[in-house]
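S.K.: The lines below spell out each chain.
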Amino acid sequence: EAGVVQSPRYKIIEKKQPVAFWCNPISGHNTLYWYRQNLGQGPELLIRYENEEAVDDSQLPKDRFSAERLKGVDSTLKIQPAELGDSAVYLCASGWGVAYEQYFGPGTRLTVT
Amino acid sequence: ELKVEQNPLFLSMQEEKNYTIYCNYSTTSDRLYWYRQDPGKSLESLFVLLSNGAVKQEGRLMASLDTKARLSTLHITAAVHDLSATYFCAVHMDSNYQLIWGAGTKLIIKP
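Same order as they appear, the protein sequences are chains Z and P.
The first sequence runs 1 to 113 under the working numbering.
The second sequence runs 114 to 224 under the working numbering.
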């Protein structure tokens with residue numbers, strides 16, 4: 001069974017530039033999560049989808065971050081414009097539902113210069 | 114607000130020794146997870162603990178949950194170098210279904 005796929009794995013951009021991350025969850029998983037992980041810390045939830053609906057985006061900085069999950073499968077997370085403080089690893093996870101464990105992708109390491 | 118504290122945050126130990134990582138949390142929860150993360154890699158699920166007194170074991174790792182004390186432990190028996198990684202506990206918030214993560218324990222096992 002294929003795991004959660006994310007791309008790109010690494011991205012270096014200058015501040016004020018836009019950036020997008022893509023996630024393909026495990027087949028059949030209807031719940032999809034985007035997390036941000038800073039160095040030496042645990043992940044912080046940005047947004048959770050149930051199918052194509054964003055059911056928890058309370059911690060998503062909506063002035064610069066946006067996300068979508070068209071057709072309830074793949075998802076894209078966008079930052080525009082990026083700031084220096086956005087440098088982190090962005091993790092995508094999927095699961096059968098909130099009552100089940102989450103399976104994580106390899107992450108995208110973003111560096112904003 | 115649910116807070117999750119892990120200790121120690123850093124642990125360097127010799128092979129063949131035993132040690133325990135602690136995870137304390139501040140409010141009631143119906144489940145707790147332990148994950149492993151290797152450097153530059155993603156998070157791998159180790160254990161899901163669903164009830165008071167739950168104990169799960171896999172190889173040299175054993176996790177337990179005391180919901181009354183709001184405490185989970187991850188015990189390492191006769192450590193080997195391959196167990197070197199960062200270990201996270203994550204506590205499920207019943208109110209909004211979020212996982213609240215500890216800061217992680219970086220474990221280094223020296224030959």
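Derived by calculation from the structure, the hints in this document are not laboratory data.
Keep in mind the model is a prediction, meaning the values are calculated, not measured.
In this text, a Cβ means the ideal position worked out from N, Cα and C, and glycines have one as well.
Treat the hints with caution; some may be incorrect.
Stated by the list, open to error - One side only, chain Z facing chain P, incomplete, derived with CB under 7 Å:
1. 8
2. 81
3. 83
4. 84
5. 85
6. 87
7. 88
8. 98
9. 104
10. 106
S.K.: Each of the hints needs a verdict: does it hold here or not?
M.R.: Hints, verified against the model:
Annotation: interface hint on residue 8 of chain Z violated; nearest CB of chain P at approximately 15 Å, more than 7 Å. Among the interface hints, the one on residue 81 of chain Z is violated; its C-beta lies about 27 Å from the nearest C-beta in chain P, farther than the 7 Å criterion. With 7 Å as the threshold, the beta carbon of residue 83 of chain Z stays out of range of chain P, its nearest partner Cβ sitting at about 23 Å, so the hint is violated. With its C-beta approaching chain P no nearer than about 22 Å, residue 84 of chain Z sits outside the 7 Å limit, and its interface hint is violated.
For the restraint placing residue 85 of chain Z at the interface with chain P, the shortest Cβ-Cβ distance is roughly 19 Å, beyond the 7 Å limit, so the hint is violated. The beta carbon of residue 87 of chain Z comes no nearer than 15 Å to any beta carbon in chain P, farther than 7 Å, and the hint placing it at the interface is violated. Hint on residue 88 of chain Z is violated. Least Cβ distance to chain P is approximately 14 Å, over the 7 Å limit. Hint status for residue 98 of chain Z relative to chain P: holds, with the closest Cβ pair at about 4 Å, below 7 Å.
The closest approach between the C-beta of residue 104 of chain Z and any C-beta of chain P is roughly 4 Å, which is under the 7 Å cut-off, so the hint is satisfied. The beta carbon of residue 106 of chain Z is positioned within 7 Å of a beta carbon in chain P (closest approach about 5 Å), and the interface hint is therefore held.
Of the numbered hints stated above, those contradicted by the structure are hints 1, 2, 3, 4, 5, 6 and 7, listed in ascending order.
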